Each structure stands twice: as structure tokens, then as C-alpha cells.
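Going line by line, the protein sequences match chains U and E.
The first sequence lines up with residues 1 to 186 when you count with the numbering used here.
The second sequence lines up with residues 1001 to 1112 when you count with the numbering used here.
In short, the hints are calculated from the structure, not lab data.
The model shown is predicted, which means the values in this text are computed figures rather than measured ones.
Take every hint as true, because none was put in to throw you off.
Taking beta-carbon pairs under 7 Å as the criterion, some of the chain E residues facing chain U (in silico):
#1 Ser1046
#2 Glu1057
#3 Trp1063
#4 Val1065
#5 Val1070
Glycine included, C-beta positions come from ideal geometry on N, C-alpha and C.
One letter stands for each residue in the lines below.
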Amino acid sequence: MQNIEEKLVTQCKNGDISALEKLFYILKDNVYSIAFRILGNEQDAEDITQEVFIKIWLNLTGFNMKSSIRTWVYKIAVNLCYDLQKKRNNLIEEPIEDFDAFHSDEEPFILLTKKELEEKVEKFFLMLSLDSRLVLTLKELEGLSYNEIADILGCTINSAKMKGYRARVEFKKIVMKYLRDGKDEL
Amino acid sequence: MNCEKYRTLFLDFIDNELSEDQIMNFRNHIEICSSCKKELSFFMRSQEILKLISRKEVSPNLWNVIEERVKKIENSKLIFFSKSYGVSASFKKERSNIIRIYGTSYGIAKLG
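This is chain U alone, in the form it adopts within the complex:
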């Protein structure tokens, strides 16, 4: 039995634009969030979201329903983000090492409000390498399994898990660097 998303895909394949519109409203924030977390700015994320739904429309006949529609759509989003980064020659990017923005802030995490803590975590997240941002976005934000992440990244499950492990180690390094000298506590 087809779920709602699969039904919409079938309708899209028959040329029904209103089905694409429904699919857009179901998936738009997921796609936009993935693009935003990977690229780090709203305009790029919006452009990528637009391109993703155009690609869905153009390539739906090639979608065989063997994988989930979400995995397929996320894969399109991830590939477009990588392509954009490539164009900007930023693909082999290193984590940002500039902590100056934080050095002036002496306030311990424990004293921060939830909103302030969220802002800090957002900044830490953007300091991660592109691969780490990607795997943590798919795992923590989208709640995908490592099996699905491996499918999107075109790698083995073990490799996806290793990327997840490395991403957390990298995240830890960034937080520890912020916490060095024992000023703050999470």
C-alpha cells in the first residue's frame, strides 16, 4: 500500500503539478534545513530548495520507488549542496579555527539562557567540516538511520557510522577548545 508521499510521486509522474505542490509543503523545511546546515546561509539554502523541487519534477520518471522518496530527495539536496560548494572551491574545507568571536565572551555556558546556548551551538555547528555537518544534520536533525545516511552518501553503513563518530569527535574538539582554561561548563 502506498503512503501519501508515494501517492503524490505517482501523481507527479502523471504531470500533476498540484501533487508537486503538496510534496513541497511536506518536505520544504526538511530540504531547506539540510541545505542551510550544510551551506550556512539562508539565500543559498533557499536557492537549493528551489532547485531540488525542479529536479524532482524533471527526474521523477527515473525514481523507481525502491528507496524512500525522502532518501531520494535528500540525496538530490546533498548533491546540489556539494556541487555549489565545489563551484566555490570550498569542497575541501577545513574546520574554522578562528575562535576570536568567542574569546571575548567570558560567560560560562551554565549561566546562558536556552536561546544563548542555542546560538553558541549554532556557531559550533558551522565550525564543523562539511562532511561532519552533513552527517550530523541527517542523523540528529532528520533522524535518519545510518543505513539511510549510507544510501544518501553512497557509502557503506560502517563508513557512515565512522563519519558520525568523527563528527562527534570534531564537535567535541570545538567545544573543548571553547571550554579550555576551565572557564565554562556545558
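Could you slot chain E onto chain U? The hints should help.
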């Protein structure tokens, strides 16, 4: 098993993907290894911290831009089709599809 091997199981432990035997071995090691205990504690804490990363919302108005582009794509397909093959029965069928989808033939009627 050394610490490094236990650390590769951190994610499986957090995601509840270990068997009962593996969980028992894992817990036994964590109890006696302060280094792994500390590392695991951070991993679990990082899970909570990362949950602070929220989903972003895009304006629903973006659909208007997408819809316009999709309609242009479909329109150009039909123009190409009619220029390449002339007007035929299949074209008339395509045209009626267009009218069904968009509620108008978008000027394609002239070609028909």
C-alpha cells in the same frame, strides 16, 4: 577489547543497536575505564546539545517561484513537440492535459 574498539561502539550504544551481551560487555568496560566513561558521557551530552539545533523554515511563497519554473518547463516541452512533429492527435491529447493541469493552454492553442 581495547578502549578504541569500545569507542567505535559508542554510537551503537547510544542508538540502542547493541545486543544484550554487547551491552553487558560495554557497561563492564565503562565501569572500570574512567577515560571511556568520560568520553561516553560527552557523547551522550553532545546528543542533547545537538538537539538544540532546530529545523529551519522556508517561506511557503517559494512555491510560487517553483510553480512558475515548472510551468515554463512544461510549456517549452510542448512548443518543442509541436514544432518538431507538427500538430497531431497526440498533441491534442497533450494540450487537453495542459488545460487539465493549468486550467489554460498558455497560448498553445495558437499552435493547434
